[in-house]
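Here's the letter readout for the chains.
Number of protein chains: 2
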Amino acid sequence: MPRERKEGMHRDSWVTYRPSIKVLDCTIRDGGLMNNHRFDLDFVRACYRACCAAGVDYMELGYKADKALYSVNEYGPWKFCDEDDLRRVIGDEPPPIKLSAMADVGRTDYRRDILPKEQSVLDCIRVACYIHQIPAAIDMINDAASKGYETTLNLMALSTVSESELRTALAEVVENTPVNVLYVVDSFGSLYSEQIRDYVKLFLRYAGENRDVGIHAHNNMQLAYANTIEAIIAGANRLDVTIHGLGRGAGNCPTELLLMFLKNPKFKVRPVLECIERYFFELQRSIPWGYSIPYAITGALNQHPRDAIAWMEGDRPNAIVEFYDRMLE
Amino acid sequence: MPRERKEGMHRDSWVTYRPSIKVLDCTIRDGGLMNNHRFDLDFVRACYRACCAAGVDYMELGYKADKALYSVNEYGPWKFCDEDDLRRVIGDEPPPIKLSAMADVGRTDYRRDILPKEQSVLDCIRVACYIHQIPAAIDMINDAASKGYETTLNLMALSTVSESELRTALAEVVENTPVNVLYVVDSFGSLYSEQIRDYVKLFLRYAGENRDVGIHAHNNMQLAYANTIEAIIAGANRLDVTIHGLGRGAGNCPTELLLMFLKNPKFKVRPVLECIERYFFELQRSIPWGYSIPYAITGALNQHPRDAIAWMEGDRPNAIVEFYDRMLE
Chain A
29 MPRERKEGMH RDSWVTYRPS IKVLDCTIRD GGLMNNHRFD LDFVRACYRA CCAAGVDYME
89 LGYKADKALY SVNEYGPWKF CDEDDLRRVI GDEPPPIKLS AMADVGRTDY RRDILPKEQS
149 VLDCIRVACY IHQIPAAIDM INDAASKGYE TTLNLMALST VSESELRTAL AEVVENTPVN
209 VLYVVDSFGS LYSEQIRDYV KLFLRYAGEN RDVGIHAHNN MQLAYANTIE AIIAGANRLD
269 VTIHGLGRGA GNCPTELLLM FLKNPKFKVR PVLECIERYF FELQRSIPWG YSIPYAITGA
329 LNQHPRDAIA WMEGDRPNAI VEFYDRMLE
Chain B
29 MPRERKEGMH RDSWVTYRPS IKVLDCTIRD GGLMNNHRFD LDFVRACYRA CCAAGVDYME
89 LGYKADKALY SVNEYGPWKF CDEDDLRRVI GDEPPPIKLS AMADVGRTDY RRDILPKEQS
149 VLDCIRVACY IHQIPAAIDM INDAASKGYE TTLNLMALST VSESELRTAL AEVVENTPVN
209 VLYVVDSFGS LYSEQIRDYV KLFLRYAGEN RDVGIHAHNN MQLAYANTIE AIIAGANRLD
269 VTIHGLGRGA GNCPTELLLM FLKNPKFKVR PVLECIERYF FELQRSIPWG YSIPYAITGA
329 LNQHPRDAIA WMEGDRPNAI VEFYDRMLE
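Sequences listed follow chains A and B, in order. Start counting the first sequence at 29; every next residue gets the next number (the numbering used here). Start counting the second sequence at 29; every next residue gets the next number (the numbering used here).
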């Protein structure tokens, strides 16, 4: 089964693997959108240990949100990723995994809150923005890079952006920043495999030789895992996953599924299964993430999942016909 | 987003559609594997009406199983598809949908139980077999075709068959029968998109101009819908689905997801959503189909789902680490 990117002497094949593929687990960051990042330390430590033992390359522990905008009473520590909280997760041993935090354009006091790299356990700052925020994102990427971090651009809601605007945005970012990874982000869970392939190929042209392309998929239409595989085939090397798919609404590409697919022997699924068994089945009783038909409807209609999330949290989540009719209005 | 098959003057694209695509809903047949086909008449009628209103092309109402092998006390009417039972479903109006039943090689007394077409409401007999049963399948296909039915070959457990054996089997069937459709059947839910594409292309070479290729996917690794789309792109025209994914173990490609994807305006998803809302959420409390990690493990290991089904029906379905360790033994 040929892959489209060559590496070394051999064509990619499903019996070989591409060493440049890196997995980023964002369970705490994306899953925290379901509970205002109020995970307790024991849970975050368990996920951290599972990711380390599983051979995951990066773990994202939360957001660097501005405390002037978000109350520390309302939001848990993983909304802010203070150094003391991060160090409580990793303990005294040097992490065998790279750590990242996400910084949203307009919601991060980055000049103050993103510390120089030598004062932080973080390795990577991921800058998330919408298309109209590209100039601000460029400033944030340059700020983080100058402080010593790896950086990524996570351009959200791609499915609402015209191709010409997207090309302009990508050109601006690669010309004006040292960004390391350009992410294809399917915020609405609305993209089909052919679209994923076309986006990854477009992003690869702007990434050039020295940057990677990443994929962040959502499971609104049961396509998060399939679209992640499709992105791999098209050449994406940075893959976002969450344990048991924990994430906003329908959730994300499950870490355990991707690790069973990837052939690099450094990846081990068993530590992730242990973590799921011990923590996630219980968690599912209080946080209702995962695929449901209202998410499929917003995904198929290329709409933000907020209406589906509100419907699922309401009194009549099973009234799917009324939800469908409303979404078509 | 180009499709790989041309039709008429235009290349396929996701803004156009391929009129030759036909959807087959096998909710009652595949879902019946979860309850010995003991659905009550009201439920089967509701699914039938939903499929008719949704523009689905074929509906499969069950198996033509041999009553010498399966007790009518233990199994419900959709295991046998007697004419009287079928007619109770469709009522007095001529069906706006074609009807099929599945006949398993070795489990059907086909010379006796498959009636001449003019005595039956069925339009299509789907012959399911494993690779070693191809000679018997050829006999059954010819029997059904001579009685006036459309026929399909549903070759199960493809992922365990070598390519040379598969080529021999396909050549034998197309040379020696008038079969209308050759189905790619992912019985174990173990196939990835590239494998689906390669199988569909191989099957298309044997199908030639006058036969179609079909896809029957399972959702063990959350890939049933994605693999069905992949099969469409590769040229498959006959697509198996079930309402809300109801089917053995992890279930199937959901009818509602596929109908939201297909662009032919004859397809309507709303009747399917109505049927789900009225019947399926309730049914899910008594029949536990759908994606769970044990199914993903058997799928990833290319194993029959029987061990996962037994585990999910046992006392400790959440003991996924023990299940994983056992499957690796």
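Calculated directly from the structure, the hints in this document are not laboratory data. Just to be clear, a hint being listed does not mean it is correct.
Copies of the same chain look alike in the list, so a pair counts if it fits in one copy or across any two.
Said to hold, decoys possible - Derived DMTMM-like pairs (lysine to aspartate or glutamate); straight-line CA-CA distance at most 25 Å:
#: 1; residue 1: K296; residue 2: D353
#: 2; residue 1: K126; residue 2: D112
#: 3; residue 1: K126; residue 2: E357
#: 4; residue 1: K145; residue 2: D171
#: 5; residue 1: K145; residue 2: E341
#: 6; residue 1: K291; residue 2: E222
#: 7; residue 1: K296; residue 2: D151
#: 8; residue 1: K50; residue 2: E222
#: 9; residue 1: K296; residue 2: E310
#: 10; residue 1: K145; residue 2: E302
#: 11; residue 1: K126; residue 2: D85
#: 12; residue 1: K291; residue 2: E357
#: 13; residue 1: K294; residue 2: E203
#: 14; residue 1: K50; residue 2: E302
#: 15; residue 1: K296; residue 2: E222
#: 16; residue 1: K296; residue 2: D335
#: 17; residue 1: K291; residue 2: E350
To see whether the hints hold, each was checked on the structure:
Proximity of K296 to D353 under the C-alpha cut-off of 25 Å is restricted to the inter-copy arrangement: shortest distance 13 Å between copies versus 44 Å within a copy. For the identical chains of this complex, K126 and D112 are intra-copy neighbours only, at 17 Å inside a copy versus 66 Å across copies, given an alpha-carbon limit of 25 Å. For the identical chains of this complex, K126 and E357 are neighbours neither inside a copy (46 Å) nor across copies (33 Å), given an alpha-carbon limit of 25 Å. With identical chains, the CA atoms of K145 and D171 are at most 25 Å apart within one copy only, with a shortest distance of 11 Å there and 75 Å across copies.
In this assembly of identical chains, K145 and E341 lie within 25 Å of each other by CA distance neither inside one copy nor across copies; the values are 40 Å within and 51 Å between. Within a single copy, K291 and E222 get their C-alpha atoms as close as 24 Å, and across copies as close as 15 Å, so both meet the 25 Å cut-off. Taking identical chains as interchangeable, the C-alpha atoms of K296 and D151 lie at most 25 Å apart only when both belong to the same chain, with a minimum of 23 Å there against 49 Å between chains. Taking CA atoms no more than 25 Å apart as the test, K50 paired with E222 passes in both settings, with 22 Å inside one copy and 21 Å between copies.
In this homomeric assembly, K296 and E310 come within 25 Å of each other (Cα to Cα) only inside a single copy, at 23 Å, whereas the closest approach across copies is 38 Å. Taking the shortest alpha-carbon separations for K145 and E302, neither the intra-copy value of 33 Å nor the inter-copy value of 55 Å comes in at or below 25 Å. When the C-alpha separation of K126 and D85 is checked against a cutoff of 25 Å, the pair qualifies only within one copy, where the shortest distance is 6 Å, while the shortest distance between copies is 52 Å. Proximity of K291 to E357 under the C-alpha cut-off of 25 Å is restricted to the inter-copy arrangement: shortest distance 19 Å between copies versus 46 Å within a copy.
Within a single copy, K294 and E203 get their C-alpha atoms no closer than 35 Å, and across copies no closer than 48 Å, so neither meets the 25 Å cut-off. Within a single copy, K50 and E302 get their C-alpha atoms as close as 22 Å, which meets the 25 Å cut-off; across copies the closest is 43 Å, which misses it. In this assembly of identical chains, K296 and E222 lie within 25 Å of each other by CA distance solely across copies; the values are 23 Å between and 30 Å within a copy. Proximity of K296 to D335 under the C-alpha cut-off of 25 Å is restricted to the inter-copy arrangement: shortest distance 22 Å between copies versus 37 Å within a copy.
Taking CA atoms no more than 25 Å apart as the test, K291 paired with E350 passes between copies only; the shortest distance there is 22 Å, against 44 Å inside one copy.
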